[in-house]
Amino acid sequence: MSERKIRVLVAKPGLDGHDRGAKVVARALRDAGMEVIYTGLRQTPEMIAEAALQEDVDVIGLSILSGAHMALVPRVLDLLKASGLEHVRVFLGGIIPDEDVPRLKEMGVVGIYGPGTLTKDIIEDVRRAVLGVSTS
Amino acid sequence: MSIAESIRMATGDSPGGRLALARLLSQIEDDDPRGLEALNDLFPYTGRAHLVGVTGAPGTGKSSLVNRLVYHYRHPPTGEAPRSVAVVAVDPSSPFTGGAILGDRVRMRDLAGDPGVFIRSMAARGSLGGLARATASVTQVFDAAGFEVIFIETVGAGQAEVDIAQLAHTTIVVEAPGLGDEVQAIKAGILEIADILVVNKADRPGVENTVRALKGMLELGAPQPRTFRHHGALLESLLETKPEVPGTWTTPILRTVATEGDGVPELLEAIVRHRAHLETTGEWQRRDRARLQAELEALVAQRLFEGWRRRVAPAYYREILDRLARRAISPHQAAEAVLVGSGEAA
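Chain order of the listed sequences is S and B. For our numbering, add 76 to where a residue sits in the first sequence, where the first one is 1. Counting along the second sequence from 1, when you hit position 51 you're at 35 in our numbering, and nothing is skipped either side.
In case anyone wonders, no lab produced these hints; they're calculated from the structure. Take the hints with a grain of salt, since some may be wrong.
[Claimed, not checked] Facing chain S, according to a computed beta carbon distance under 8 Å, are these residues of chain B, among others:
no.	residue
1	Leu9
2	Val90
3	Thr264
In this text the structure is predicted, and so the values were computed from the model without any measurement. Think of the CB as a built atom: it goes at the ideal place given N, C-alpha and C, for glycine as much as any other residue.
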């Protein structure tokens, strides 16, 4: 068998138009050997769940800087569950107030990353979530 | 329900079928034996889909074009039934990190939410000819699942990216004006594989030069009769022309503006015409047989090599390599030695 590749969907749900962060993370994940399906701006939760299914991804990275995360994230998680994709790990990046973090983690978001996060930490967390091993 | 049965529900509204299909594609990409077994079960159901390859240099608008083409297949003029369509988009992997950015889905917004469409992105994973090793198998799965048209989109900028011509029934090569293609067009390889040539972004300056350069390149292979005006009278050209053999395909050069949808219905019509041409001339069966033969021989070569690799004694192999590195023997002599030495017939 060939070596197992981690497949990550990177998407920006909603109307937020700032994609530089998402692109930086996408490139970092590629440089870490992962296959990144980059779907870009203005994705609906339905489009994200559909892409996650068709591409059989291990991980979804959502980038939200608009403040709409408490509306968008639950919708994505519900659709993943309805599609048989509960195993897909969801990570969230962007502008996420501290007080929302516990609720989001309760919903099932695995990692939450604000400005200043080191990409190597995201990579480490993704590898641990998918492969169950520490790579340090 | 067997894998084969659940896959074959994937073109309809069956979410379970689509999930099973997506998982099977991953197994095939990862060389999982379960994937191979399912492929064996599914193979009798293959052979009906129309495989359409779309290739061309980066920046020519292939993904936008595929987006519009698929949309037209899914929304045909009234009366016709929409065809189910799969899209396989192949992007290169980094030779250093093994990772990839698969960004072709970005351009395919018009197809979101349509249960008759399935889009799968693949990384080349080290293959050099423009397609991943697993791409042919992936198209077989879509074929067996009942998708009627399968687009395979791949980057092709040089002369090595011709895998697509062997896999696809109809190969579309996409150019765009102003990318320096006037010179590129003269190079052999990628333009020779085109069944249909498309100049996309045809609203940009330089489109006439690009079309002219492509026409010139095509005519080097098959000159067309010309008429010249001389003192106001029409003269037939004295150029030698190949007689028009019935059943030959003349590669059309089409202009499109994919982002506006201009020229896309005409392109779809050319694709449909090409399919009909392949079927009436028997070329469909010939290409199918040739493709399967190539796949068979590649698998045989792989198995033979692996068998030899298992049989050859490592110490003996190292000794031969050492002698080769010292230039005591040549590569051909080394090959003879390792094959004979491991019990293979010369």
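For each hint, the structure was consulted:
no.	hint	in the structure
1	Leu9	holds (7 Å)
2	Val90	holds (4 Å)
3	Thr264	violated (35 Å)
Checked against the numbered hints above, the structure violates only hint 3.
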